[in-house]
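Protein chains in written order, with my numbering: chain A, 1 to 105; chain B, 1 to 306.
Hint data in this document are derived by calculation from the structure and do not stem from the laboratory. No residue lacks a Cβ here, since even glycine has one placed at the ideal position from N, Cα and C. Nothing false has been slipped in among the hints.
Cβ pair distances, simulated, as ranges:
#1 B:Lys216 - A:Lys98: 25 to 33 angstroms
#2 B:Gln70 - A:Gln45: 18 to 26 angstroms
#3 A:Gln10 - B:Phe74: 37 to 45 angstroms
#4 B:Asn50 - A:Trp29: 21 to 29 angstroms
#5 A:Gln45 - B:Gln187: 51 to 59 angstroms
#6 A:Glu101 - B:Leu120: 22 to 30 angstroms
#7 A:Glu70 - B:Lys117: 21 to 29 angstroms
#8 A:Gln12 - B:Glu205: 40 to 48 angstroms
#9 A:Glu46 - B:Asn50: 35 to 43 angstroms
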Amino acid sequence: MATVNLNNNQFQTLLAEGKTILVDFWAPWCGYCRRIAPAYEKLAQERDDIIFAKVNIDEEPLLANDANIEVIPTLVLYKEGKAVDFVIAPNSKLAIEKFIEQGVN
Amino acid sequence: MKRIYDLLVIGGGPGGYTAALYAARAGLSVAVLEKLSAGGQMALTDTVDNYPGFPEGIDGFSLGENMQLQAERFGAVTELAEVLDMDLSGKEKAVHTSEGTFWGKTVVISTGASPRKLGLPNEEFYTGKGLHYCAACDGMRYKGKTVAVLGGGDSAVADALALARIAEKVIIVHRRDTLRATKVYHQTLEEASNVTFLWNSEVTELLGQGKLSGIKLKHVQTGEETELSVDGVFVSIGREPSSGLVKNYLELDERGYIVAGENTATSLPGVYAVGDVRTKKLRQIVTAVADGAYAAYAAEEYIAQV
Numbered sequence: 001m002a003t004v005n006l007n008n009n010q011f012q013t014l015l016a017e018g019k020t021i022l023v024d025f026w027a028p029w030c031g032y033c034r035r036i037a038p039a040y041e042k043l044a045q046e047r048d049d050i051i052f053a054k055v056n057i058d059e060e061p062l063l064a065n066d067a068n069i070e071v072i073p074t075l076v077l078y079k080e081g082k083a084v085d086f087v088i089a090p091n092s093k094l095a096i097e098k099f100i101e102q103g104v105n
Numbered sequence: 001m002k003r004i005y006d007l008l009v010i011g012g013g014p015g016g017y018t019a020a021l022y023a024a025r026a027g028l029s030v031a032v033l034e035k036l037s038a039g040g041q042m043a044l045t046d047t048v049d050n051y052p053g054f055p056e057g058i059d060g061f062s063l064g065e066n067m068q069l070q071a072e073r074f075g076a077v078t079e080l081a082e083v084l085d086m087d088l089s090g091k092e093k094a095v096h097t098s099e100g101t102f103w104g105k106t107v108v109i110s111t112g113a114s115p116r117k118l119g120l121p122n123e124e125f126y127t128g129k130g131l132h133y134c135a136a137c138d139g140m141r142y143k144g145k146t147v148a149v150l151g152g153g154d155s156a157v158a159d160a161l162a163l164a165r166i167a168e169k170v171i172i173v174h175r176r177d178t179l180r181a182t183k184v185y186h187q188t189l190e191e192a193s194n195v196t197f198l199w200n201s202e203v204t205e206l207l208g209q210g211k212l213s214g215i216k217l218k219h220v221q222t223g224e225e226t227e228l229s230v231d232g233v234f235v236s237i238g239r240e241p242s243s244g245l246v247k248n249y250l251e252l253d254e255r256g257y258i259v260a261g262e263n264t265a266t267s268l269p270g271v272y273a274v275g276d277v278r279t280k281k282l283r284q285i286v287t288a289v290a291d292g293a294y295a296a297y298a299a300e301e302y303i304a305q306v
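Pulled out of the complex, with its shape left as it was, chain B reads as follows (with noise of 0.2 angstroms):
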């Protein structure tokens, strides 16, 4: 006989396992499927300084074990399980996954988001080979080396800035001929001696044998092009929400992010979004768990009804 979970939480970040930890508490049978391990985005932190209770700090990774050992000790299980598709429509919804379909009277919806890629060919044998997503994970392997940050948002000076004291040389690529950082990085940035800008230029090719060596550029005025040898470059031009699995059964907003308001409500009855993957104004750990509480508590009004 096919078991059916009362809640189904699909991505095990800090919105999923909280909802875990109050739909267990409140009694419901609680499974939550992520495809790696606890924590989500916040688990390649190395110090998490926002998140009230931990006056030193903590690292996300074990931030995310202890929310999940939390909600296990109320009884929710955890299953590595990647979700391949879904049923969402009926009144028993389908999770079909790499482990097998599990089945919920609810879901929550915690997938979170992920670095914005750029589209290129060979994007993907690149990276981890020379281009990267996260500068505070693998910017130490350039200790004296030439780096090329591409974006030019808060997160791209910021990364730009940890590199500067890592790398001998760091250029930012940005497609614009300003940042749109805000005005705190700006000073900073200036004062770097070893960041230098290549304003108006967008990347079209990723170049090098077997591993990154270099970029092609273009610029986006007068359409010229020309080509950077760097040993690594750092993708930073925002991030994107992972809500393609969702895509068929929940209104999504044009930037792809699931339309839900505070009560976390989707526009499928008894299905929830958390945390970053849905519309909000503010993306933290702390917005995440806030969701993750009100989902459970949506859940469980909504199996008591139907």
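This is chain A alone, in the form it adopts within the complex (with noise of 0.2 angstroms):
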């Protein structure tokens, strides 16, 4: 699958089915966002059990404000409705698949 882009409402619809949901909450001034969008995208297309999902920050600020969002790029997991982990400027594709197995399984 491709990443998603999220608005506040389409991003709680989903929290509220319960979905697995990786969020990359990003900003196009910021240099380190693009840098990890090429691995994030990739990592997308190869496993489709999780949703991937990319919520601008300079577009959705109330749900950055709602995530506590203070540094970006920061990635969140939402299971179940929740937040369960998230991680701030992961330096590698590596880096955020062991993220994703970490707080799925």
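Assembly of the complex is requested from the two constituent chains, each provided in isolation within its own frame, with the hints serving as guidance.
This is the structure:
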């Protein structure tokens, strides 16, 4: 699957359905966000067990605020309606994979 | 059957993708192994103004991506793979990664360099939570706040000056009692009214609950310990080569750089070191790409001979 851009409403709907969602909180002006994007896209293509979402914090400040995002890029994993773990600025595709494995299992 | 590439490139910065471009254009099969995305260190540079051909400058990420696309146009492939281990001793060199093992007749090491760490406990925990290594990337969030810059060289001073335009107060913490930075910086520093110095001071501990809120300092002469409250800390104490994976195979100098001259040849035949990871005087994008071209040429010659 490809990554999906979410607004607050779409996010709340998926969350209420209890889906496992990984959210990449990012912004266009954030250099490191661009760096992790290719690995994030690749992972989204490789696995379909979770939703790979992206939230632009400039467009969705309320959502970013609710999630206590202070630094970007931050990836937050949601499971059964709750945030279960987060990682800030992972430094490789492998680091993102390890983060997912830890949180999903 | 296992696939053996003519050339494996480890690291997708400017040196690595130039090696890939030249090798692919020479008809060699090439795979670039990159753990995150193209560009390496320059990918975090807002504007690259000293790479010729871009009169208005270009952002480092786009430059890296362009280099990747250009190499791929001639058949080079990119694998987003993190190298875990390698065996460079044989005729066929094995590189074990998070995406499986890759084989190459020749290998270009273009792993670059990264900011030197403080070596303190909890350093990783606080990274991104008040502790930073890149003022240009993370400085914006300290508008109106107090930050410390650790270091006394050119890059520390450049970071301090950049932060002085954003933060309310910048404190340069340095182990010595003078700056190592070049003279041109000194006057600008004196004119920056919100920059102060803490000389002869060394950071011994990172403090804070959940995120960094201060540092413990030790005076290097008196041994006296003090605490300094800050909103953020920027570490700028130099860079270190990313050569850990090859240290068992290649000769390194005392600072960890791979010993190789302009011809990029390392102590092992068929293995080349390009860019910031090799011993050289001037570490720039243009010198890295020059290395890449040479390494591809050397790899081609080596393959023709064995």
